[in-house]
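**Q** Protein chains in written order, with full-length UniProt numbering: chain A, 1 to 773; chain B, 1 to 615.
Read the hints as simulated data drawn from the structure, not as lab findings.
Keep in mind that the hints are not guaranteed to be accurate.
Claimed, not checked - Derived, one-sided and incomplete: chain A residues facing chain B with beta-carbon distance under 8 angstroms:
hint, residue
1, Pro571
2, Asn668
3, Arg675
4, Leu687
5, Phe691
6, Thr692
7, Arg713
Don't be surprised by glycine CBs; every beta carbon is placed ideally from N, CA and C.
Below, each chain spelled out in residue letters.
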Amino acid sequence: MQAAEMNAVRAAESLLALSQQEELVDLPNHSLSASEDEGDSDGERKHQKLLESIGSLDGKKRWKLAERSEACLKVSEFNVCSEGSGEKLLLSDLLEPAKTSSSLAAVKKQLNRVKSKKAVELPLNKEEVERIHREVAFNKTSQTLSKWDPIVLKNRQAEQLVFPLEKEQPNFVPIEHVLSSWKARTPLEQEVFNLLYKNKQPVTDPLLTPLEKASLKAMSLEEAKMRRAELQRARALQSYYEARARREKKIKSKKYHKIVKKGKAKKALKEFEQLQKVNPAAALEELEKIEKARMMERMSLKHQNSGKWAKSKAIMAKYDLEARQAMQEQLAKNKELTQKLQVVSESEGENGAEEEELLVPDAVNEVQMCADGPNPWMLRNCNSDAKGEVQKDPEQPPEPVVQEVSESEDERPGAEEEILLHEFEERRSLRKRSELSQNAEPVGSQETKDSSCQEVLSELKLLTQKLNQKNHQSRKQKVSSVRTVLQVQKEECALEEEEPVLLQRPERVQTLEDLEDLGHEEYSQNKELPRPVMEEEKAEKTSNNQTDAPKEKKKKEQMIDLQNLLTTKSPSVKLLAVPTAVEELEDEEEKHQKQIIKEAFAGDDVIRDFLKEKKEAVKANKPKDVDLTLPGWGEWGGIGLKPSAKKRRRFLIKAPEGPPRKDKNLPNVIISEKRNIHAAAHQVRVLPYPFTHHQQFERTVQTPIGSTWNTQRAFQKLTTPKVVTKPGHIIKPIKAEDVGYCSSSRSDLSVTQSNPKRPSGHHKKQLKKISRD
Amino acid sequence: METVPRPGRGVPPKKDKLQAKRKKPRRYWEEETAPAVAGASPGPPRKKKKKKNLEVRRQKQKNSHNSKKSRISKKSQFRKKSREQKKPGPQRTLSGAQDPFPGPAPVPLEVARKFRRIDKSKELPHSLPKTRSKLEVAEALEEEISVKAARSELLLAEEPGFLEGEDGEDTAKIRQADIVEAVDIASAAKHFDLNLRQFGPYRLNYSRTGRHLAFGGRRGHVAAFDWVTKKLMCEINVMEAVRDIRFLHSEALLAVAQNRWLHIYDNQGIELHCIRRCDRVTRLEFLPFHFLLATASETGFLTYLDVSVGKIVAALNIRAGRLNVMAQNPYNAVIHLGHSNGTVSLWSPSVQEPLAKILCHRGGIQAVAVDCTGTYMATSGLDHQLKVFDLRGTFQPLSARTLPQGAGHLAFSQRGLLAAGMGDVVNIWAGQGKASLPSLEQPYLTHRLAGPVHGLQFCPFEDVLGVGHSGGITSMLVPGASEPNFDGLESNPYRSRKQRQEWEVKALLEKVPAELICLNPRALAEVDVISLEQHKKERVERLGYDPEAKAPFQPKAKQKGRSSTGSLVKRKKKVLAQEHRDKVRQSLEEQQKQKQKQKAKPTGARPSALDRFVR
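All chains, full assembly: derive it from the sequences and hints.
**A** Set out below in structure tokens:
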């Protein structure tokens, strides 16, 4: 601060000093009585100096040195200043005389014109010019040629081309035109035509009967116009509607959609109510839709407390009343959606079931929601959620299935069920009490639509109850014998109690029997333990047996015993006419004869020889291994020494296993695996163009084309030549008119439009270039 | 009057066909009631001729024809109705008359299926659109052609003859005399006996058209004649033992296997050639489409002689001793040889070893015959068994019978009847329908001859079985033995000399090279995969890279700094890893499959904990 003040003071002082000095300097000026001009300039200088001094007030001393240049308005003695010479010196300025003269204006104009013109660029290289020319020419020609593309393609794909190309015949003349020049001559014909005349059938120009003509005229122009306008309007309306729908679809606001959805639901409900009054059948269909929505809801977890929002709300719910309400609302919605709709005409029994359903513990209900249907995955999930991890034994799954099969077999009709029902009721009440203390064990169950809904429900309850009890018990057990019982056993025990029940759930054959079984389980856990294992074994055995038997059979079928094949006694034929030679020895000599034959062939064992031969053939055909061991390399060599097994193994190149022999399973056959090279020489050995796999090509050549295997027509069709030329005709080059194009430029446009192929990328680029040029 | 004589079979059908085609001409001004007339006009009621308790029908041409026609027209009428319901107004003509049978005639599906060649059940590897379009074209063409063939099936107007016993009646009990009595005169004339006791057991051969018969006796008697008209062409004695006799491609040439060499005679008995390279020939077979004469000799050689150029195509050393059992497979021209060690070997001239060797009998093979579809092979051995084998790849016996005496000669007819000559008895077994397995339970016919059988052959296109025996030649009537419809361009029994010459030229032009004989002739229409692979490999080696290999993944350039080198590499790696994963997954799946297979295999006893101590 001080420094600044000091500065300011100093500046002020110097200013004062300057003014004094000026005064001092002024004195001689006045005395000299110089001219006014000079005095002026002097004042100016002073002013400048003052300005400078003010400018240097900020602390730094800035001496702006004026540049020295020539033509300057102000001339100072210190330096050459260029102030005022901002404009450049122009040529016209030099030429301009003091006075403007008209003669020079023309020259000036000329000069201006010359100046305005740009400099002429250098001419391009010859090559470059040529290249550009070529490019343009190519583009043009390719464009003109591209109109032939569809024709070329068509000709390439055509089954047959007949040259000289002819225009396609216009559709053939209707018979009526042909008939017009024809006249009835024979009496029969005349008679026929008489008949025709009588019946007012058209004869000579018989395109339309008068009736038909009248009917054609029926629709007037106005009517047609009206109709067209109507159609137009409908189309426009449709497009508006579409646009609107599209716009609405794009809206991202959740609130908006929520509102829309609600509105829709309300509307639907209203409509449904109306429909119920008016058209019950349609209402039923609607009902089905609602049912479907219910199913969807039950499948999904949308309105349950598993979502992100729901979870967050659940945390908040403790403190926030609103959140709690929102959650409850959602759950209510879920309930609403999942509630089964009651059809009006339903038996009272179902109503009772409904009541029962209300009595069912929540846990059961929950699981019902998520683990409905026999989907094991869902079940697994649910269980793991509720109970924690349940270890899976890989051997377990087949077992319960078997159990169930047996159970389903001894399913009994529900005569006894009535008696037991009472029991169940008691148990349920018991369970209800216990439920409060225990955490509910979810049990998946099947919803039934039968009238036996009640029973199943009661069963369900019982099951849950039992499970809970059992759980309790086992827990106690575990607690009591943690130290003593082996860990493994415990696990087994846990598994044993969990698995079968869990896995049985998807099946609905939960009969009273197995309930009783479960009841037994309560009391005799340990006894139960070995049972499933036994069953498992049994099951395995049976399954093994089942699988074994066909397998063996198959094997038998595969490997026919050669001995059997030849020695099996085939039934002998009773012939009416027995050969005379045989007849003689029929009785006593027959045996003798057979003996002789047997003796004759006893020596040469045909079968053994054949097998030997086959073995040799197989051996000869096998690819041989290559042994690359060098004896004595890296170890001692000599007579009687063999390279070690390890070494031999290392240097043995095993031949790749060839495809299995064709006669592998045919003991009585040797099929040669040798390739018939002579025949192979006639086979196709290169795949033709569009085929990538030999099977594809084989399929196209499977049909014989010779006349031996085909009818005459088929043969002709199969052997039609690709190109046919008519002898004695000149084949002229194709013309645009021939293929339906006119040669004018307009038609060119039409060709490009009709061209189905879009121009390729390369082509497009070229077109662009052309347009730019 | 009941049947038209057989020779007329070739000509009269034309007239019949004409009649069938000539409907009442309908004009467009006719009333609509007319179409109903187009229905069936039932043929004249069948006349049944009963004789004792058996009913014999043979080639009732007219009647059968009529009945067939009526059936067809009924069918078509029925179809028409349904069609019309679908499309009430097909196309109005000038007068308002309608086409009573709009659209193309319906084709029975199962008939068309018979002519299908492409097996669509086989799955093809994924094909490009261009390839797919080609395949579609080929399939459509094949379908169209099969439909055309099915349509033309209608032209095969003849029906085979048959012999039916009344219930409980055994057809085998019907004697030739009964049959001859029941049939018409012309057919009865086809049953005859030639008593030639002087020159020993006879071998015989019918020409391909079935019109001519050549036979040669053991003691040198060789003759050829038109057996229908009984006009003798030539008769000579070659003054040498005759082992076998066979017509070449036409009835003009005759190959005779004589004691030392093979001789060729023309139809006038003039010796044209003596082929000394084929010596001690025991059996002859002629392959008509290849123009090959196959000879089996005592010295153990199978020689193929190309009769069109007179060159020996192949002489194969069979190495199985004396060859005296030979048959040809008409389907693939493979020669079947029977050996004394109970095996039958299959031979082709282009392969030096047997294509297949089948152990058929415990004793030596006595006779072999193959049916004309190449499906069944009948063999009989010294163990007195008669077996029918399946030749379609498996070579397993389908049925077997023990005969009181081994069948020395076997022959298949065109429709699959099997004849066996045992001693002086000929037994014939029949199956159900054409080319089906003959059931060996019940013989269809039996006949006893004057002497032991020495040669057997069914006559093509005639229901006749020719038997050569020591007492001469017998021509038996076997109803339903042969194909009733002949191909006039291929083998026309009624052809003139000019036609024969014309056919000869055409047949020579269509001669099939001998190298093409192989077990599965359809394999020739397949690509030679081995050389294809070889070709590919060579090409890759030559070029230094695989032009058909999938181009390595090149990541696309992306903007906003995501195309940095690092990210490019990352993307590349990602793709590579994905491919690798796919491969691993596939291999794992395969492994699992194998494991499952192994698991499925029976494990002897259930494993116990003590198994680990088992050493």
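**Q** All the hints need checking, so say for each whether the structure fits it.
**A** Evaluation of the provided hints:
Because the beta carbon of proline 571 of chain A sits about 7 angstroms from the nearest beta carbon in chain B, less than 8 angstroms, this interface hint is met. Using the Cβ-Cβ criterion of 8 angstroms, the hint placing asparagine 668 of chain A at the interface with chain B is satisfied: the shortest such distance is roughly 4 angstroms. Taken as an interface hint, arginine 675 of chain A checks out: its beta carbon lies about 7 angstroms from the nearest beta carbon of chain B, inside 8 angstroms. For leucine 687 of chain A, the interface hint holds, the least distance from its beta-carbon to any beta-carbon of chain B being 7 angstroms, beneath 8 angstroms.
A hinted interface residue such as phenylalanine 691 of chain A counts as satisfied when its beta carbon comes closer than 8 angstroms to some beta carbon of chain B; here the least separation is about 6 angstroms, so the hint holds. The interface hint given for threonine 692 of chain A is met, as the beta carbon of that residue sits about 7 angstroms from the closest beta carbon of chain B, less than 8 angstroms. Nearest Cβ of chain B to the Cβ of arginine 713 of chain A: about 6 angstroms, under the 8 angstroms cut. The hint holds.
Of the numbered hints stated above, none is contradicted by the structure.
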